[in-house]
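Q: Sequence:
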Amino acid sequence: METAICGRLALSPNHVFNSKPGDKNSLCKGQCTNHGIPMAVSATGQDKGGGLLERPIIEKTTPGRESEFDLRKSRKTAPPYRVILHNDNYNKREYVVQVLMKVIPGMTLDNAVNIMQEAHYNGLSVVIICAQADAEDHCMQLRGNGLLSLIEPASGGC
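Residue numbering for the sequence shown is 192 to 349, as defined by this note's numbering.
Derived from the structure by calculation, the hints contain no laboratory data. This structure is a prediction, so every number in the text was calculated from the model and none was measured. Ideal placement from N, C-alpha and C gives every residue a C-beta, glycine not left out. Do not rely on the hints blindly, as some may be mistaken.
[Stated by the list, open to error] Derived DEER-like restraints, expressed as beta-carbon distance ranges:
no. : residue 1 : residue 2 : range
1   : E245      : M292      : 46 to 56 angstroms
2   : K293      : V317      : 15 to 25 angstroms
3   : R246      : P296      : 36 to 46 angstroms
4   : N336      : R246      : 12 to 22 angstroms
5   : E245      : N336      : 15 to 25 angstroms
6   : R246      : P270      : 35 to 45 angstroms
7   : A269      : E245      : 32 to 42 angstroms
8   : Y281      : A322      : 22 to 32 angstroms
9   : Q289      : E245      : 18 to 28 angstroms
10  : A324      : E245      : 16 to 26 angstroms
11  : L341      : E285      : 43 to 53 angstroms
12  : P344      : E285      : 26 to 36 angstroms
13  : V317      : E245      : 48 to 58 angstroms
Just need the whole structure built from these sequences, with the hints factored in.
A: Structure follows, in structure tokens:
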């Protein structure tokens, strides 16, 4: 779109087409009464081209937030860690099972019982293998509920 002011047609911010009333390209016919009032004039018409393309919308992620692709990539490249549960002589078996189900997302009753039994008979058991940040979080929650746990790098992947 160009802006037209009586006697002048602004084709771009750097180019102004001056015309006089009565000229064949003038926007004013006869006496011009709208001095200083901008009017919109379409750039498209019978001629080829002349139109303006709209600026493409570029989607940006907010600062501090990664795209879904970046998150999937970082999950795949992050080295896995094991959360290990140690046997103790203080907590009842039922309590250990309850804590495992509360702390570990998606933990089923059967899996929690198996993990508890393995820790009871073998002295320790692997609770979950996950990213380091999640492993640290799970370990702290287990400790916060009175269970003995630690994390270690998982060799050989998940």
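Q: Each hint: holds or not?
A: Hints and how they fare:
Separation of E245 from M292 is about 54 angstroms and conforms to the stated range, judged on CB atoms against 46 to 56 angstroms. Checked against the hint of 15 to 25 angstroms, the C-beta distance between K293 and V317 comes to roughly 18 angstroms, which is consistent with it. Separated by about 44 angstroms at the C-beta atoms, R246 and P296 satisfy the suggested range of 36 to 46 angstroms. Taken as a hint, the range 12 to 22 angstroms is violated for the pair N336 and R246, whose Cβ atoms sit roughly 55 angstroms apart.
In this structure the hint that E245 and N336 lie 15 to 25 angstroms apart at CB is violated, the actual value being about 57 angstroms. Separation of R246 from P270 is about 43 angstroms and conforms to the stated range, judged on CB atoms against 35 to 45 angstroms. Distance hint check: the CB atoms of A269 and E245 are about 41 angstroms apart, consistent with the given range 32 to 42 angstroms. Hint check: Y281 to A322, Cβ distance near 30 angstroms, so the stated range 22 to 32 angstroms holds.
In this structure, Q289 and E245 break the distance hint of 18 to 28 angstroms, their C-beta atoms being roughly 59 angstroms apart. Look at A324 against E245: about 42 angstroms separates their beta carbons, and that is not inside 16 to 26 angstroms. Between L341 and E285 the Cβ separation comes to about 23 angstroms, which falls outside the hinted range of 43 to 53 angstroms. Under the hint 26 to 36 angstroms, the C-beta atoms of P344 and E285, about 32 angstroms apart, fit the expected range.
The supplied range of 48 to 58 angstroms is met by V317 and E245, whose beta-carbon atoms lie about 56 angstroms from each other.
Comparing the model with each numbered hint stated earlier shows that hints 4, 5, 9, 10, 11 do not hold.
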